[in-house]
Structures are given as C-alpha cells and as structure tokens.
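For reference, the chains in residue letters:
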Amino acid sequence: MASTALGRRGRTAPPSPVGGRRRANLRALLYLSPWLVGFAVFFLYPLGSTVYFSFQRYNMFTLEPVGLLNYRYFLQDEAAWTAIRNTLWLVVVMVPLRVLFGLGVAQLITKIKAGAGVFRTIFYLPSLVPLVAGTLGFVFLLNPATGPLQTILSAVGLDSPDWFGDPAWSKWGLTMLAMWSVGDLMVIFMAALLDVPKQLYEAASIDGAGAWQQFVSITLPVIRPVLMFAAVTGVIQTLQYFTQAEVVARAASGATDSAGSVFTPGYPDQSTLTFPQWLFQQGFRDFAMGYACVLALVLFVVSMLFTAVLLRQFRGFAEEEA
Amino acid sequence: MKRLLAISAAAGLTLLTACTAGTENAAPKIEKSGATHEPVTIEFWHGFSADNELKAFEDTLAGFKQKYPWITVKPTKAVQDTQILSSVRGGSPPDVALSFTTDSVAQFCKAGIFQDLNPYLKASGIDAAALFPKVIAEYTQYDGKRCVLPMLADTYGLYYNKKLMKGEQPPKTLSELADLTKKLTVRNADGTIKVAGFVPTSQMYENAPIHSGVMVGAKWTNPDGTSAIGSDPQWKKLMTWQKDLTDWFGYDKLEKFRKGFGDEWSAENPFNQGKVAMAIDGEWRNAMLAADAPDVDYGTAPMPVADDQPQRYGAGFITGTIIGIPRGAKHPEAAWDLVRYLTTDTGALVGLANAIRNVPSTLPALQSPDLKKDANFQTFLDIFANPNSTTQPAHINAVFNQQTLQEAQIKWESGRAPDLDALLGQVDKTINDKLKLTAG
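Protein sequence lines, in the order shown, are assigned to chains A and B.
According to this note's numbering, the first sequence is numbered sequentially starting from 1.
According to this note's numbering, the second sequence is numbered sequentially starting from 1001.
Calculated directly from the structure, the hints in this document are not laboratory data.
We put the CB at the ideal spot given by N, CA and C, even for glycine.
Don't take every hint at face value.
One side of the interface only, derived from the structure: several residues of chain B facing chain A at Cβ under 8 angstroms [what the hints assert, rightly or not]:
#: 1; residue: Q1107
#: 2; residue: Q1203
#: 3; residue: Q1402
#: 4; residue: Q1403
#: 5; residue: D1433
#: 6; residue: G1440
Subject to a maximum C-alpha distance of 25 angstroms in a straight line, what follows is the list of computed SDA-like cross-link-like pairs (lysine to any residue) [what the hints assert, rightly or not]:
#: 7; chain 1: B; residue 1: K1429; chain 2: A; residue 2: D269
#: 8; chain 1: B; residue 1: K1436; chain 2: A; residue 2: F263
#: 9; chain 1: B; residue 1: K1163; chain 2: B; residue 2: W1248
Here chain B stands alone, though its shape is the one from the complex (with noise of 0.2 angstroms):
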C-alpha cells in the first residue's frame, strides 16, 4: 500500500515537472507574397461583445479574408484573459488572441505565454520604432521581448457638460477644477448632492489612480521595478487635491450620491444623465454617448494639470488593445499575418477606429485622411501625440500595484487613515515586498 502511495506521488511529480516545461514555437518562416499557400484554419479568440463592435470586427476580417483568401480566421468572442492562460497551459491555445488589458504583458512575456514578436518583425521588414509612437513600446514589451502588438489605443481626457457648465471653460489646472466643482455643484434642500461639478475620490468610475496620476505627473516605479510612490511627491499632492475636495462635499454624502449611480457602461452612466458636470473618461465614450444620450451636448479637453507643471497640460495616460500569438499556436506563421494585418495595415486600422471610436495605434492610421475627426474625437488624438502622455510601463505586479495604491486612497479620502505619509511608505513596502516574492 505505502509503495503503491509512494510510486503514485513519485509519478504525479514527474508527470507534474514535465508538464510545466510547455513548448516554444520555432523560429517564423514568412513567406514571400506570390507564393503558393495551402488553405489553413486559425483560431482567433478577442475579448469584442457589444453588437457594434462585432459588426465591426466582421467587417475588418473580411478586409483582411479578401487579402489573405487562404487563411480562414474561426473567431470566438467575449475571451477573457484566465481563458487564454488556461488554453495555453492546456496547449491548445487560440493561433491568435486579443486582450483588452495590458497589465499582464510582463507576466505573458516573462512566462512566454505569447511568443516573442520581435523574430516576425524583423522578417516582415517591420520597424516598430518606426511604426508605433513610443508610448506604446512601454506597454508591449518587457525585458527585451515584445510579446504583443497594440491593436488601437484608448486616451483618457475630461469631459464636461456644456449645460452643466454655465458657460464656464474647461479648467486646465487642478485649482480651477476644484474651484469649479464647487461652483457647478447642486444640493438638494436635505443638504444631498443633486449634481457634482466633479466627482474627486478614487473610487469614481475612471478616477484610478492608474489614470489620475497623469494630472501631476507621479511615478509608479523606479527604474529597478521598486515602488516610486512614497518617494515621488506627486502622488502625496494629488491625493491631498483630493482629500481636500472630498471632504468639501462630505465623503459620505459623495459616497451616497457615487452610489445611485448606474451602470458605467449603460446608458445610466451619470455623465450620459446629466448627474455630473466633469468627468475623466476615455474616448471611447463619445460613441457611447452617440448611442446612448444623442441630446448631450458635451465638449472634450485634456485632463487638468498640477498648478506648477502648466507645461503638461494636454498630456493624459495611453493603454490599448493587444493582441499576440500564443505558445504552442498551431499555425504561427498564417497567426502572424492575421496580427499584421490588425496592427499595422492602415486601412483596418482606421475603419475599425471610426467603427468603434478608438485611436488608431499607427502613427500612419493617426495622419490618414480617412480617420474620421470630429472636435471632440480630436482631442484624445492630441493626447494620444503629446509627448507628456504616460502609460503604466508593463511591470511583473501591475494589478497588484494598482490594487494596492488604489486601496490606500480608498483609506485616505474616506479619512479612515489619516496619516498620509505612513500610508504611503506602507505601500511601498507592500510593493517592494511583494516584489521579491515574484520577481527575486
């Protein structure tokens, strides 16, 4: 009995060790055009669900079935990322698989959950410096591999109620924001918020500190990967900005009225409804509002500024779409020119962008004609060129990071910690510790 135990843990570990070595693809064979091709069948899972954005999604595989005739590309939608690790552990992964996120493009390269790209780049004659603005490097590469390409980009930007506004301009700085919050901010008789100027805490819908830390310009990490937050001194103005305006309208008042609101993605969203004045979101946002509250009228500006960096304004944070050839893809070369058709043809680019309302991730897509470019709309493609706009670099602990930071905030304006300084340094050891633990 004991022997029959000890040699069936013995083979469980074995069996064990040998799955965890995976496979890597070999180098790529691109093919010159005019060559022949057999017909192939690729699989490609992306994360797309709203009608529209399959609608569109359709419309571009058939630019590119008309291009390829070939390869025949099975989609599935609505993937989300633990579908895509779980296949690849499985090895049967997708040939081709999209991702809404970038916070796991340090841990798919390091693992090499998707194939390295740079080899496919470099026999298509493809020069990415070239070809993508640089922001986008930061967030589709780590350590040397670029593991993923951009498939269109999302900016983030304010956006302001022009009813709401009483004919008051945008503010540019942080004061202004905080001095026209109060002034456009309704009270009911009772004393509760009947409409906000600007919703300040972290917990607001795109108010993570992922996207607000842009508006002084604070550092996530250093450049070994250590946490820059308690050290940086922006981040400690940014959230005192906050804590001060927050506490101007009552955390718990704030609280009661950021809970009736609806969904961030229907058309309850308070900015469609009129509940709030500013708001930060991205760009896509001007599609939703198309559909879902026409009679808005809305204007768009960049995100305010800290007051002593006037310099920055018209920056705001950069993320976007991915999309990569997973480990052990049966097909990677016929994958490969599915994913180079989605991240570098210009003329897929602009119409999924106009489809969709996002910002084409080609610098050529950016200047083509065809991009349609609206005032508004026009903004988020001068965040998306302004050499001040930042991303989260891809980092081993991204969410975790983002969890953390966006925790100690939720402590700090709720008042619950009221020593700022101590918060801080404790993120900084909960991130660097954290660190250690994945990273050595």
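Chain A extracted, bound-state conformation (with noise of 0.2 angstroms):
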C-alpha cells in the first residue's frame, strides 16, 4: 500500500516540502529508535513508575491508592530529613575538602623531579581499592580499642577519639576517608595543570609575581572549567552516597545480618545516615516502596537541579571559549 501510493507520487510529481520533511522526520525517528527505546525502557518507565507508586502503599507485591500519604509522611519523617541534612554537610563540607586535597597533591606531585612516577602511582592507588574494603580498612584503622592509629597515639600518652562511635566524628571520619581515595581527582587536576601553558608563568615570574600570585592569577583561571566540573560530578556523587556510609555503620555497631541483631542506619545516632541510606531502607527492608518513590523523587529533583547547575555553567565556560 505504502510502495504504490509512493510510487504513484514519484511519478506523477515531485515530493511536496511538507512530505519531504515528514519522511526526513521519520528517518530520522528510524535511527534515533534505538537510543528511544532504550530511553522509555530504562528512563520514562521507571521514572512514570516512580511517580505512580509515589501514590500508593506498595510493598512490592499489592498496591492500595493512599493519595498523599507517602509525601505527607516524608514532612514528618525526621530520620529523612536527619538523612539530608547528613548529605548537605557531607556536600558542603567534604566535597570542597576532597577538590582542595586533590588539587594541592596534585600541585605537589607535578612539581616533583624525581621519583614522580612512584608518587603518582601511590596516591592514585587508594582510588582503585574497592569501596568495601577501604572503609572496612578505615574502620580497623581508626578502632579506638585495637587500631594502629590508636596504637601510636597510645604511646605517646594520647587517646583517639571513637571516629566511627561519636556522632561528633562520625562524618569527619567518612571525609578522611574520601580525602584518602583522591586519586582519581589528582589525576584530572595533574592534567589540567600539566596543560597550563608554561610560557604564562615565565612572562608572570620575569614580572615579579610569586607562587601564590601565579596560582591565583594564572592556574586557577585556566583549570576553572576542570575545578567546576569536579565539584559538581562531586556534588551529584555525595548525593548518592551510600556504600561507605553503610559499610561504617555496620562494621563500627558490631551488627551483624543474623537474627535477632538490628542493624540501626547511620549509627551513631543516625549521624552518618544518608538520604539514599534511608532511601534503600524504606523500600527494601520496610516494603514501603510507595513512600521510597516519594524519596527517590525528591533525590531526582535535587540531583536534577544540579545537573543543570553543571549544563550551565559549561556552558558559560563554551561561550568564554569562543
């Protein structure tokens, strides 16, 4: 049917615009079909369900309308917003820390003449130990009973504090560790400043400007795009922080997946508890996958806010460019 009234039109007249337009349209539907269907089977599908299971009690097996209950819940939850306020700190706080690390280690080891290879290959190494297992690491190290840090304190007359066991330091404890694994950082920083024109600091230095003035005047503008995109790749990380948090507060309460030994997120007193924590908590040990919908839509939104934070302000950084 299609062939025939084609062909009739190629005989009889050429492509009208409109007609032309609408078979590039579908050419190019044809290809993109694929990335399409990929897109509403992996995004527009869970996302829509998201947003119906948001409305209902739905422990996985039965669903039953409930209106807004899950979100009128999420206003009242104090845990959930213990959780945010947890990931705020950890993104106001650890994330400048960790971009700060890596970018003086990575000052440091492009300054080094020799050995630099060695220096390189030492920091980034923590960055390739799988997360487990370093935050396991972490904690034996920092036990304030049988920890080595603890050992070296201990003699010189110190006492460490319980950095996984006090709500006080609980989250320093999680920074020194994300500060630990900075190699992956390093290595984008050691690029951008190995590119930064060497020419610059010489003409800066025959004018008299110092180290610092250099930094400031010269690197720092030039690894600006480098910088922001760290800073917001770290920022939509943290807001997914979850396995070291998990791993810390398991492995520092003593709990155990056995019966009869609760495991209590966040622990100490929910001080390292994260929004996905408490996300993954609601859906997949209280079946309320209804109100985790509610809290996985919220962490959509936010993470969507910075994503457009980071679109634009590369985009700014395309215009200078040009």
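Take each chain as given, in its own frame, and dock them per the hints.
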C-alpha cells in the first residue's frame, strides 16, 4: 500500500516540501529508535512507575492507593530530614575538602622532579581499592581499641577519638576516607595543571609575580572548567553517597545480619545516615516502596537541579572559549 | 515523538499493573499414602552455610529421600531473605524456602509472599496447636494466615564462666546481676577494663532490646499494633538499670572495651576468650564453645529478672528458623511433603537439633529420648518450655520498631539523650507514624 502510493507520487509529481520533511523526520526517528527505546524502557518507564508508586501503599507485591499519604509522611519523617542534613553536610564539607586536597596533591606531584611516577602511583592506588574493602580498612585503622592509629597515639600518651562511634566525629571519619581515595580527582587535576602553558608562568615570573600570585592569576583561571567539573560531579556523587556510610555503620556498630541483631542505619545516632541509605531501608527493608519512591523523586529533583547548574556553567565556559 | 513517549509510558504502566498482580497457588491436593507418584525435583533454598550445619542438613535430606523416594531435593545454601523476595517477584521462586529470622513473617503473610499453610495442615490432618508450643504460633502466623512453620527454635539465656565467677552462683535478679558485675570486673592499672563481669549496653552482641526486654517482661506493642514502649514502665525500668551500670563502668571505657572484641560468630568471641564473666546468648553457643573453646568451663542459667518479678525467673526469649512454600512454587504438593518432614518429623528434628544444638520445635521432639540433653543445653529446653517465655509477635514493622528502640537505647546509655521519658515518647510517635504509613 505504502509503496504504491509512493510510486504513484514519484511518477506524477516531485515530493512536496511537507512530505519530504515528514520522511526526513521519520528517517531520523528510525535512526534514533534504539536510543528512544532505551530512553523509554530504562528512564521513562522507571520514572513513570516511581511517580505512580509514590501515590500507592506498595509493599512490592500489592498496591493500595493512598493519595498524598507518602508525601505527608515525608514532611514529618525526622530520619529523612536527618539524612538530608547529613547529606548536605557531606556536600558542603566533604566535597570542597576533597577538591582542595586533590588539587594540592596534584600541584605537589607535578612539581616533583625525581620519583614522580612512584608518588603518582602511591596517591592514585587508594582510588582503585574496592569501596567496601577500603571502608572496612578505615574502620579497622581508626578503631579506638585496637586500631594502629590508637596504638601510635597511646605510645605518646594520647587517646584517639571514637571516630565511627561518636556522632561528633563520624562524618569527619568519612571525610578522611574520601580524601584518602582522592586519586581519581588528582589525575584529572594533574592533566589540567600540566596543560597550563609554561610561558605564562615564565612571563609572570619575569614581571615579579610570586608563587601564590601565579597560582591565583594563572593556574586557577586556566583550570577553572576542570575545577567546576570536579565540584559538580562531586556534589552529584555525594548526593548518592551510600556504600561507605552503610559499611561504616555496620562495621562500627558491630551489627551482623543474624536473627535478633538489629542494624541501626546511620550508626551512631543516625549521624552517618545519608539520603540514599534511608531510601534503601524504606524500600527494601521496610517494604514501604511507595514512600521510598517519594524519597527517590526528591533525590531525582535535587540531582536534576545540580545537573542544570553543571550544564549552565559549562555553557558559560564554552561561550567564553568562543 | 510526544505520542511515542505517551504510548511507551502507558504501556509501561499497564505492564507495571500486570506485574504486581502476581499469582496465588490453587488449593493443595494432598495424596494419600500408597498412591503412585511421578518423580519430581524440587528447589529448596536455605540459609545454612557452616560446614557442620550443611553436613547435618544433608543427612536430614537423605532421610527425606528415604521416606519420599520420588522427590529429589535440589538445595541451595546461604540464601538471604532478599533473594527469596526477588525470586517471588520475578516469578521463579524455589519450591521451599527457609529463613533464619522471624522479623518479616507479617510481611510474608500479608503480601502473600509465602502461601498460607493452614489448608495444607488441614488436608494432612495436622493439629498445629497440639504439635507446636503455643508461643510459636505468635511468630509463624499473622492476621489468621500461617504462612510459615517452625523448623527448630532458638532460646536465649545467661552463660557464665565458672572460673571468672570465683565461686559465685549465677544471678537471678537484675540487682544481683549488677552487684556481681561490679564484683567480678577487673580493671587494668590505667583504669581500662580487663575483664567485665557483664557488659550491660544494648550494643553488646545479643543484648538487643528484643532479647533483654524479656528480663523485665516489657511489651512492644498494644493489641492494635501501636507502640507500648513509652507507656510500659518496664522499659524505663530496664533502661534505667542498664544506664546505672553503664555509668559505673564509664560509657567511653565500656565502648572502648567492646570495640576490642572479635567477631561474635568466631573463636574471638569475648566469652570464649574469658573477657566477660557473664553474657546473654542463644543455645547455639553451646556448640560453638565446644568447637572453638573446649577448655572454657562454663554454665548456663535463665536470664535474671526484675527484682519485683521473681516469679518470672526461668523465662527467656524465643524465636526460630522458619520455612514455607513461596507464592508461585512449581511443585507445591511435593514442597509440602518436604516442609511437613522438616517441621513435624520427630526423627528429623531431633537429628538436626543434636547436630547443630538448636532447640527442637515440636512437643514430641522435645520429649524424645533421643534428644541429647546435657545440663547446659537442658537450661534452654527449660526456657523454651517456660510459660513466661515470650517472643516478638509478628508485626508489619518488626525490624523498624526494633531499630527505633535500639537507637533510643544507644542515645540513652551514651548519655547523649538525658530525658528518658521524652525519648520513649518519641519512640512511640515514630513507631505509630510508621504504622499508619505501612498498615493504614
């Protein structure tokens, strides 16, 4: 049928501009169809499901419409707001410290003349350690009773804080862990620093600029896009911070998965409870998947906001470059 | 483009609705003995993983094969509840599944994740009330549905190291426990703890409120499922006692001491190593002590009780391993044969109980002359039979409720929350709000 119609049109008259545009659109859609299918199956469908479930009491087997109940519960769920505060703390404290530390290490390593390869490897290696193994190692290192740090401090008469057992210290412990595995950022910063034209430093040096002035006036402006990339991707990763906090809470509390042993997420006192952790507990432990979907939507919206900031910043850089 | 997106979204939602409906199995057909049977292979998922447990389990399944030669059981070890849930959701569950925890029984029954076994029991002519101790019904059924059956039970009591007790008898009341703890505790020259008489904090391995609450007869919930924690004065009594004794040690010192312990399930357990004189633990510790620390001279006793409740001495906390037939099981009749064998056959239960030193979960098995009963194990059999022993009844938010109280206990014993009444009031509110969310 279609070929007949096309054939007739081909013999009688040239294709109209509208028909040609439609065909071109269809062809484009055809080429895009694998992506469209993927987009629909792996993004649109889950997103639609999440919105749908957020209005249901859903225990992963049965559905019961509950209107805005899950949303109202979110507003009064103190643990969820504690998790938001903790996650924001990590965003505000951990991300900048990690970026600064990564930049500092990269700056130092690019200056080293002898053995640079060895130092690069040493600083990069921790970022290759699996998250669970690295986190368990840190809990062991900082154990206030048997950890090597405490052994060293004891030798000089000092006492180590209970890093992952005291709510005042636990997030700082996680921050130290994040800084230890800064190798991924260090590599990016090193590439950016080595890309800064040397003649700029030479000219500045001739003009009498000191090291700090050179860093502020040359290095920072040139590597600004990389810094922004590190900061915003760091923020998005931190919004999804899960594994390290979960492992720290389990290992430090001593909770096992055995019967009668209750795991208290965010141990101690929910001080390491992050938003994705609470979401996971609600959905997969408490069978409150409808409420977990509300939390997922909140996380989605916040992540989208940060992504929008990222895109806006990059557009700004691109215009400046142009 | 917009139309395409709308169609895919609509299709997605339709699929979603279809997927969540699930399938319920038809009523069981229980065949009479002597009938001819087609050979059948059934999948059995369980959580056992230790070598001695696996050996005992293999022996038990060999006994099943002798009795039901047409059924071949294909076991899968070390399975967690989450894997069972995923398989049911995915429509390919095992025929029989076993769980070590009773925390999810209410969800299992309410959502129909496991099939109601009442029709199977009826068809097989089994009177559950006459076969199982009464307390077991509380953790194997919910809202009229008995979706799992017990396969062995666990009870909790007090272990004491005879050498460290220095001739003292095990305490019967909380006051005696506190006095003895102070008497038996040994400190190093720098004030740190060398040996603790007893570690009173809720964070100590088996001191979780679900176990320790039995010492004062504390209630978790009211009949309507709301929290009874704030209104039951027994919780306040227990937590005040724990805090007083914790303060005597010094919370920081006690935490530092606790964090030097090895893994609970390893030979590094502090009781095995003589670091604590008394500890709350389950009956399985008998087998672990025999394997990991045969030289430790120890005794067992019921947990101490509140000073004003001497009549409750002898009671303890009871829980157990549960087993059932997941929704969508391909061979429910053969699956029931296995479940029935593992939960009601006296020989099978006694054999397993003797091998892994758990408490058998039927009355005939408890009275079996073949059950090994040394003095230390007998304590737990007595606790199991004690009418004041309790369990945590199946609750839709069982884990969340425990987590909420445990968090409050940690805040209280550490001194980070000084107002106990306000703290327990907050526990009630948190539990009740969650109940409205999940149960309506």
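query: Failing hints, ascending?
result: When the structure is compared with the hints, none of them turns out to be violated.
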